[in-house]
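Chemist: Here the protein sequences line up with chains A and B, keeping their order. Taking full-length UniProt numbering, the leading residue of the first sequence gets 1, the next gets one more, and so forth. Taking full-length UniProt numbering, the leading residue of the second sequence gets 1, the next gets one more, and so forth.
Calculated directly from the structure, the hints in this document are not laboratory data. Please note that a few of the clues may not be correct.
Listed next, the stretches of chain B that the computed footprint assigns to chain A, with coverage defined by at least 3 CB atoms under 8 Å from CB atoms of chain A [stated by the list, open to error]:
id	region
1	80 to 90
2	147 to 157
3	269 to 279
Ranges between beta-carbon positions, derived for each pair [to be verified]:
id	chain 1	residue 1	chain 2	residue 2	range
4	B	D77	A	E60	51 to 61 Å
5	A	S90	B	I63	57 to 67 Å
6	A	E216	B	F16	23 to 33 Å
7	B	L26	A	A478	54 to 64 Å
8	B	D169	A	I215	28 to 38 Å
Covered by chain B, according to a simulated footprint, are these stretches of chain A (three or more residues, beta-carbon under 8 Å) [said to hold, decoys possible]:
id	region
9	50 to 59
10	263 to 273
11	435 to 441
For glycine and all other residues, C-beta sits at the position ideal for the given N, C-alpha and C.
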Amino acid sequence: MTPRKRLMGLGAFALASSLVLTACGGGDSGDDSSEGTSTGIVTISNGEPQNPLVGSMTNETEGGLVVQQLYSGLVYYDAEGVVHNEIAESIESDDNQTWTITIQDGWKWSDGTDVTAANFVDAWNWAAYGPNGAKGAGFFDPIEGFTETQGVPEFDEEGNVSGMAEEPTAETLSGLEVVSDTEFTVTLNQPESDFPIRLGYSAYFPLPDAYYDDIEAFGEKPITNGPYVLEDWQHDSEINLVPNEEYNGPRKAQNGGLDFIVYTDENTSYADLQGGNLDILENVPTSAMSTFEEDLGDGAISEPSASFAAMTVPEWLPEFQGEAGLKRRQALSMAINREQITETIFAGTRIPATDFTSPVIDGWTGEIPGNEVTEYNPEEAKSLWDEANSEDPLPDDYVLTIHTNTDSDHQAWVEAVCNGYINDLDIKCEMTGYPTFDEVLNERDKGPDGKVNGLFRAGWSADYPSLQNYLGPLYSKAALAGSNDGRYESDEFDAALKEAAAAPSLEEANTLYNKAQEILFKDLPGIPLWYYSTTAGHSEAVDNVEFGWDSMPLLYEVTKSE
Amino acid sequence: MLWYIGRRLLQVIPVFLGATLLLYGLVFLRPGDPVAALGGERGLSPAAEIAIREAYHLDQPFIVQYLYFLKGVFTFDMGVTFTGRPVVEVIAQAFPVTFQLAIMAIVIETVFGIGFGLWAGVRKGKLFDSTVLLWSLLLISLPTFVIGFVLQAVVGVQLGWLPITAGRDPDFISLLMPAIVLATTSFAYILRLTRTSVVENITADFVRTARAKGLGRGKIMTRHVLRNSLIPVVTFIGIDLGNLMAGSIVTEGIFNVNGVGGTLYQAITRGENVTVVSLATVLVVVYIVANLIVDILYAVLDPRIRYA
């Protein structure tokens, strides 16, 4: 069974050729010798990448989309999130801990040099080494020797990193070893059954030898091995890619090139799509949420995405500790009318959550024992809350607060949730707003010393299609220094994750990850809210537009006649 | 006159220092941590965080960061953005587009504002006058983004007369719609200013004298009425040039013009202090120069005003 439900089909690809628009913008697609491919240049809405165009330096979607087109890694994901080999010939392990990776012959960089096993090992070592400051460094954490490449940080009294107490003792990861030009081995700290799934993420992309000659210049004009190469990057305006002639892999470009147009206002890109100036719109603006399916017809796309939203209940709040605390957590979860909020506030573009992951991930099941708390049940909620109060009374002036940044569209649903609490639980509830996202982050990171004295909003998107990628980073003890901002600690949960990571097959691992979720539902460190949808659109000039599990279009497939 | 200009230019130095210090202080005081924001939900590894802080001098106290910035200004090397682009390059890319847009808007609002205002003033109380006054009131009360989106949807998307967005390397035609939107509010102000002054001057003694000595109507209008009516209008245009350069964030967003407004907005949300202050500094200089030009124009328009 595929867990991926298409809410809106993409079936009808008729009559596009009569409405073809001339390709605008730069890039000489010219004489493409390969047969069966279209030659039009596809335009895509995007934001300005905030990092150099290097896989391990990029952690935001704007740059991520471009980087995915420029580089090829060991594996790639198809639209359903299923992993296929790209450069890898095989990725094998007997114990899920020592992996032997062989790569195919014949892959080339756009400067003509060969893609070798060393290109992977060197790139990973460079990204992992702390002082290089790569934003994707954390992805190498499972590999043996990672801590030695990080050094020991020093913290000031507020818990912020203030300097290095000890410099790193190693420049390279001891767990990586080049065996030959086409083979290398990876030793992990502990078994990780989903390791091959992770390798399609951009942090694991290889880099050519030329990278280390001039790192700064490289990010502006990279030498790459993916389906496309960079032709021109006019900052804040346009990025032009042309098909890579050296590329012979499974993601061969089916169009004459890609032009990423940088927009600062989503309403503007929507107007351009309607006016025929844009082929693929990555995000439908909030203002058009209720009308876009009508406006765009066959070009409208709405399907579940890998993003998940929850409210974290911080462990440091006394009223949510112990038996009474657990009852309060359950009451708060049951008093949210997810159906109604997703329908009225989000016009059906979010889907009520029934677990802590996302329906697009392989292994997802909506049927985790204990997930009844995600069903709206105001009577039960009220009686649980009252029970908790009789065991452990709250002060009369108790006000529940929900902390969120207000620079995005969070205010509306927080108010809706609060109103639900006021009506169903008969308590006082208020939103504590922060103007920008980094301010909430800052306060959350300070834990009990910060200003967060209530629930806070937590959103999460997977980097690779694996259940582990939700559960580990958000709720494991290992992530206490990272993104486990609610400071949930459970030996039972950690042991369950470990068992799943060591499972001999992915299917067994998924079963075990879902078992681990039962513990989360028992403890409720967070209250699942909803899954996000990908809401996007495309013009009539392009065909074969598919969005992947990660809400990114599979651009190499798109066809457009000239 | 030259002496006056020289003295005014010298005043730029303390204004520059004061403005940048203030700006830098304000940006510095903004709560939140830009480096934490770079990591997103996932967070950066501590070593990466330290490396980034060092690279941008964010580990230094406020005054040291400010001195680094000043050093950058005087060596034309203001450092790099978080993407690794030199800030100087960002400025060089953003300003020409915005400047072109601002000049187009100024020309539109001046030509139409003064023209309509003069005509309305001469025909005070007539139908044309009241219609124009009503319309100008409407334009002043409409927020820019409403005019922008409506014009874009109608003229751009539905009728297809003008390009919907400016995009890369915008030309005159693609900047026309944003320029009109930018000009609307100021056009209404200039119209009203001109009209009021014209109404006042048309009954002034010197106009009566001119008429009494038999001067033609056209000459009276251009040489006496209009010239004397322009002083408040010129003051307004001078200030408006600065506003148009800095305040076009909304319009630039709607029409996807890659100018100062959008760049500034993004830099603020990202917490890129150096970019914010550098762009704002250039804006401060633009303001100062525009006001200097206005002051000099006074003397041209009205010989009674002299600078020594």
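Chemist: Each hint needs a verdict: does it hold in this structure or not?
Modeler: Taking the hints in turn, this is what the structure says about them:
1. Counting residues of the region 80 to 90 of chain B whose C-beta sits closer than 8 Å to any C-beta of chain A gives 6, which meets the bar of three, so the coverage hint holds.
2. Evaluation of the coverage hint for the region 147 to 157 of chain B: fulfilled, as 5 residues show C-beta separations to chain A shorter than 8 Å, against a requirement of three.
3. A stretch counts as covered by a chain when three or more of its residues have a beta carbon under 8 Å from one of that chain; for the region 269 to 279 of chain B and chain A the count is 3, and the coverage holds.
4. Taking 51 to 61 Å as the suggested C-beta distance range, the pair D77/B and E60/A does not conform, at roughly 27 Å.
5. A C-beta distance of roughly 58 Å is found between S90/A and I63/B, which places it inside the suggested range of 57 to 67 Å.
6. The hinted range of 23 to 33 Å is satisfied by E216/A and F16/B, whose Cβ atoms lie roughly 30 Å apart.
7. Under the hint 54 to 64 Å, the C-beta atoms of L26/B and A478/A, about 39 Å apart, miss the expected range.
8. For the hinted restraint 28 to 38 Å between D169/B and I215/A, the CB-CB distance of approximately 30 Å keeps it satisfied.
9. Given a C-beta distance limit of less than 8 Å, the hint that chain B covers the region 50 to 59 of chain A holds, as 4 residues qualify and 3 suffice.
10. Requiring three or more residues with a Cβ within less than 8 Å of a Cβ of chain B, the coverage given for the region 263 to 273 of chain A holds, as 8 such residues are present.
11. With 6 residues bearing a CB less than 8 Å from a CB of chain B, the region 435 to 441 of chain A meets the requirement of three and the coverage assertion stands.
Checked against the numbered hints above, the structure breaks hints 4, 7 and satisfies the rest.
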